[in-house]
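As you go down the protein sequences, you meet chains A and B in turn.
With the working numbering applied, the first sequence corresponds to residues 1 to 334, in that order.
With the working numbering applied, the second sequence corresponds to residues 1 to 284, in that order.
Hints were generated in silico from the structure; no laboratory data involved.
Bear in mind the structure is a predicted one, so any value in this text is a computation, not a measurement.
Don't take each hint at face value.
[Said to hold, decoys possible] Here are the simulated DSS-like pairs of lysine-lysine, each with C-alpha atoms no more than 30 Å apart in a straight line:
1. K102/B - K174/A
2. K179/B - K73/B
3. K14/A - K179/B
4. K331/A - K116/B
5. K73/B - K174/A
6. K57/B - K14/A
7. K90/B - K10/A
8. K116/B - K14/A
9. K331/A - K57/B
10. K130/B - K174/A
11. K179/B - K174/A
12. K130/B - K10/A
[Said to hold, decoys possible] Cβ-Cβ distance ranges computed for the label pairs, FRET-style:
13. S180/A - N6/B: 22 to 32 Å
14. M319/A - K174/B: 33 to 43 Å
15. V316/A - K207/B: 18 to 28 Å
16. D107/B - A326/A: 27 to 37 Å
17. V17/A - N6/B: 17 to 27 Å
18. H69/B - V206/A: 37 to 47 Å
19. I323/A - D162/B: 10 to 20 Å
20. M259/A - Q84/B: 30 to 40 Å
21. M259/A - G180/B: 36 to 46 Å
22. E59/B - W284/A: 41 to 51 Å
23. K57/B - A326/A: 21 to 31 Å
24. E15/B - V17/A: 46 to 56 Å
25. M259/A - N178/B: 49 to 59 Å
26. Q84/B - F265/A: 34 to 44 Å
Using N, Cα and C, we set each Cβ at its ideal position, and we do this for glycine too.
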Amino acid sequence: MIRKIFLIFKRDLKVSVRNFITLYIIVVPIIFAVIINVFSPGINDTTVEIVLIEGENVEQGEYFEQFAKVEFLNDLDEMEERVKKRDNIIGVAPDGNNEYFILSQGNEPTYVVDYVKNLVTFDHYDISVEDSQAEIVDYGRDISPLKRLMVNVATIFTSVLGGMIIALNIVEEKTDNTISAINLSPVSRLGFIAGKSLIGVFVPVVGTFLMLFITGFRDINYFHAFLMVVTSCIISIMVGFIEGINNDDVMNAAGNMKMLFLPLFGSIAGAELLADKWQPLFYWVPFYWTYKGNNLVLSNSGSLIDIMKYSGIVLVISMIVFIVLAPRIRKGLE
Amino acid sequence: MIKVKNLYHSYSNDENYAVDDVSFEISKGEIFGFLGPSGAGKSTTQNILTGLLQLQKGEVEVAGYDVKHIKNKMFNKIGMSFEQSNVYNKMSGLENLEFYGKLFDVDTRNPMELIKMVGLDGKENIKAGKYSKGMKHRLTFARSMINNPELWFLDEPTTGLDPAIASNIKDIIKEENNKGVTIFLTTHNMYIADELCDRVAFIVDGKIRLIDSPKELKLKYGEKLVEVEYLREGKPIKESYSTVVEEEKNQLIKVIKENNIQTMHTKEATLEEIFIKVTGRGLV
Numbered sequence: 001m002i003r004k005i006f007l008i009f010k011r012d013l014k015v016s017v018r019n020f021i022t023l024y025i026i027v028v029p030i031i032f033a034v035i036i037n038v039f040s041p042g043i044n045d046t047t048v049e050i051v052l053i054e055g056e057n058v059e060q061g062e063y064f065e066q067f068a069k070v071e072f073l074n075d076l077d078e079m080e081e082r083v084k085k086r087d088n089i090i091g092v093a094p095d096g097n098n099e100y101f102i103l104s105q106g107n108e109p110t111y112v113v114d115y116v117k118n119l120v121t122f123d124h125y126d127i128s129v130e131d132s133q134a135e136i137v138d139y140g141r142d143i144s145p146l147k148r149l150m151v152n153v154a155t156i157f158t159s160v161l162g163g164m165i166i167a168l169n170i171v172e173e174k175t176d177n178t179i180s181a182i183n184l185s186p187v188s189r190l191g192f193i194a195g196k197s198l199i200g201v202f203v204p205v206v207g208t209f210l211m212l213f214i215t216g217f218r219d220i221n222y223f224h225a226f227l228m229v230v231t232s233c234i235i236s237i238m239v240g241f242i243e244g245i246n247n248d249d250v251m252n253a254a255g256n257m258k259m260l261f262l263p264l265f266g267s268i269a270g271a272e273l274l275a276d277k278w279q280p281l282f283y284w285v286p287f288y289w290t291y292k293g294n295n296l297v298l299s300n301s302g303s304l305i306d307i308m309k310y311s312g313i314v315l316v317i318s319m320i321v322f323i324v325l326a327p328r329i330r331k332g333l334e
Numbered sequence: 001m002i003k004v005k006n007l008y009h010s011y012s013n014d015e016n017y018a019v020d021d022v023s024f025e026i027s028k029g030e031i032f033g034f035l036g037p038s039g040a041g042k043s044t045t046q047n048i049l050t051g052l053l054q055l056q057k058g059e060v061e062v063a064g065y066d067v068k069h070i071k072n073k074m075f076n077k078i079g080m081s082f083e084q085s086n087v088y089n090k091m092s093g094l095e096n097l098e099f100y101g102k103l104f105d106v107d108t109r110n111p112m113e114l115i116k117m118v119g120l121d122g123k124e125n126i127k128a129g130k131y132s133k134g135m136k137h138r139l140t141f142a143r144s145m146i147n148n149p150e151l152w153f154l155d156e157p158t159t160g161l162d163p164a165i166a167s168n169i170k171d172i173i174k175e176e177n178n179k180g181v182t183i184f185l186t187t188h189n190m191y192i193a194d195e196l197c198d199r200v201a202f203i204v205d206g207k208i209r210l211i212d213s214p215k216e217l218k219l220k221y222g223e224k225l226v227e228v229e230y231l232r233e234g235k236p237i238k239e240s241y242s243t244v245v246e247e248e249k250n251q252l253i254k255v256i257k258e259n260n261i262q263t264m265h266t267k268e269a270t271l272e273e274i275f276i277k278v279t280g281r282g283l284v
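This is chain A alone, in the form it adopts within the complex (with noise of 0.2 Å):
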């Protein structure tokens, strides 16, 4: 049975790789990497953000430039609004009796407001850099956060792709009229969707890896990496072959699995820009779940229980599509 598997997955491989647009799907993760490579920002083009309020600590505004981008508003109610609008931007405020507090959303990484905790204690004690003792901190990370979060997208994407070529030799099969003759061999059904998933499995996790090598990720757990992705790629390899049975031509096979897209890019825009409350109306969709899993592989900064809690939510979810869409992909295949 394994050996059928791999039988099957090793001549859609070969097939995949003289078709141009098999060919092509296979290459994009490169070409996302060197793209990504290009245009993000090094770590030193990136400044954390503060917002103060205007006037209340004239010295500490210019203390806190040193290091930071500050913007100034006008009172509290407007700082609060300021921080809910977007991630990464930390309010400092008054407190009262020479004290401060750290506004913040919440969903900002650990180390933006580390930083800024640091700047407020450096400037309650007078601290300047010349009068700095002490070694310099460094907080391991070297990859900007834009990177981070263009790398987290393009690994998603990465995910639809395997989808994508499954949706493609499916096409394949049903043009040259095989899956017949495929079904009068002593392949099992199941066999021969296990041995057709694999490739949607195969360029998902081999493209994702050689991205983050190529984009600099190479301290990162990539067992974590890995989790993440083989569970991310269930629900584009279920789509795929989906488009496959109901397509006849590979154009329209490959352009009817943009409508993944839609969730994919609209879960992540809604992890990033809304506030907490609007958050669980993307429960539902996976790749939500994976872009927090990815996060925190891409920030070295989750445990494997934190990752096993994302890819097993995405696993569950995709279990329940499976439940929806397997008889649909075993008659179609018949």
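Starting from the known structure of chain A, arrange chain B on it as the hints suggest.
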């Protein structure tokens, strides 16, 4: 090798049967022809036997396996040459056979040997998509032999082939049959059925009208006459003599002895004529 009892199949899941109460048996080593016009139910029956269509009603046993509960192992024993060629166009002829052969759990034939057998040697590394229709058909035919099937389903094996290649294909079928392979031949070509089959079944509108050997059918439905053409005093004479009436038999012997015989034919009926006589239908 095949046992079919009271087989029914309806595509609309009602009483409108495409295959209607079909029963027959095929013994090991036999070539069985399933003959009928398009839409008669030949392919439906064959697809049920091979498991491509689900068995709805009736009992079917193929190569010792109950088709109601098909096991994948059964496919190690059977081969199928489809009427419509179905090979991977993006793979070469050789790659097609190599790939398909590896899917089986039994010893398979050398793909190059099969390529040579069907006259595709020299073209084995060309992608099947560039093959002509006839070449693809031969590749499909060759692929059906890759697992040394005990039971071989052939669906219109010579359709679309030129006479020389068709003759080669018929020789291969005879050769395989001589090795003990049981053959289920679906065709509307009465000549190939006549030449190859031990027994034939006539199927029309989903019902089997008759099962017998071509020889018996000809004896039963043909005229028992010999037509002789000879020269008498330089003039061509054409006469018919009965092969069963004693007096005419003696006359025939006399004619043969005394004259210069030009042509002599038995007036046996063709399978096509018998089919029309029995079913009242043509074969197209």
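So, going through the hints one by one against the coordinates:
1. Between K102/B and K174/A the alpha-carbon distance is near 21 Å, which keeps this suggested pair within the 30 Å criterion.
2. For the given pair, K179/B sits about 22 Å from K73/B by alpha-carbon distance, which is consistent with the 30 Å threshold.
3. The straight-line distance between the Cα atoms of K14/A and K179/B is roughly 37 Å, outside the 30 Å bound, and the hint therefore fails.
4. Of the supplied pair hints, the one linking K331/A and K116/B is violated, its CA atoms being roughly 37 Å apart against a limit of 30 Å.
5. Of the pairs offered as hints, the one joining K73/B and K174/A holds, with about 24 Å between alpha carbons and a cut-off of 30 Å not exceeded.
6. At most 30 Å may separate the alpha-carbon atoms for a hinted pair to count; K57/B and K14/A exceed this at roughly 42 Å.
7. Straight-line distance between C-alpha atoms of K90/B and K10/A comes to about 14 Å, which keeps the hinted pair within the 30 Å bound.
8. Between the alpha carbons of K116/B and K14/A the distance comes to roughly 25 Å, so the proposed pair stays at or under 30 Å and holds.
9. Restraint check for K331/A and K57/B: the C-alpha separation of about 20 Å stays at or below 30 Å, so the hint holds.
10. Between the alpha carbons of K130/B and K174/A the distance comes to roughly 18 Å, so the proposed pair stays at or under 30 Å and holds.
11. Straight-line distance between C-alpha atoms of K179/B and K174/A comes to about 35 Å, which puts the hinted pair past the 30 Å bound.
12. Simply put, K130/B and K10/A have alpha-carbon atoms about 22 Å apart, close enough for the 30 Å limit, and the pair holds.
13. Separation of S180/A from N6/B is about 26 Å and conforms to the stated range, judged on CB atoms against 22 to 32 Å.
14. Distance hint check: the CB atoms of M319/A and K174/B are about 54 Å apart, inconsistent with the given range 33 to 43 Å.
15. Against the hinted window of 18 to 28 Å, the Cβ-Cβ separation of V316/A and K207/B comes to about 53 Å, which falls outside the hint.
16. D107/B and A326/A have their C-beta atoms about 35 Å apart, which keeps the hinted 27 to 37 Å range intact.
17. Checked against the given bound of 17 to 27 Å, the beta carbons of V17/A and N6/B, roughly 51 Å apart, lie outside it.
18. Checking the proposed 37 to 47 Å range against H69/B and V206/A shows it holds: the Cβ atoms sit about 40 Å from each other.
19. A hinted range of 10 to 20 Å is violated for the C-beta pair I323/A and D162/B, which are about 53 Å apart.
20. Under the hint 30 to 40 Å, the C-beta atoms of M259/A and Q84/B, about 32 Å apart, fit the expected range.
21. Checked against the hint of 36 to 46 Å, the C-beta distance between M259/A and G180/B comes to roughly 54 Å, which is inconsistent with it.
22. Under the hint 41 to 51 Å, the C-beta atoms of E59/B and W284/A, about 48 Å apart, fit the expected range.
23. Distance hint check for K57/B and A326/A: the Cβ-Cβ separation is about 27 Å, which falls inside the suggested range of 21 to 31 Å.
24. Remark: the range hint 46 to 56 Å for E15/B to V17/A is upheld by a beta-carbon distance near 52 Å.
25. Roughly 57 Å separates the CB atoms of M259/A and N178/B, a value that falls within the hinted 49 to 59 Å.
26. For the pair Q84/B and F265/A, the supplied restraint of 34 to 44 Å holds, since their beta-carbon distance comes to about 42 Å.
In the structure shown, a violation is registered for the earlier hints numbered 3, 4, 6, 11, 14, 15, 17, 19, 21, in ascending order.
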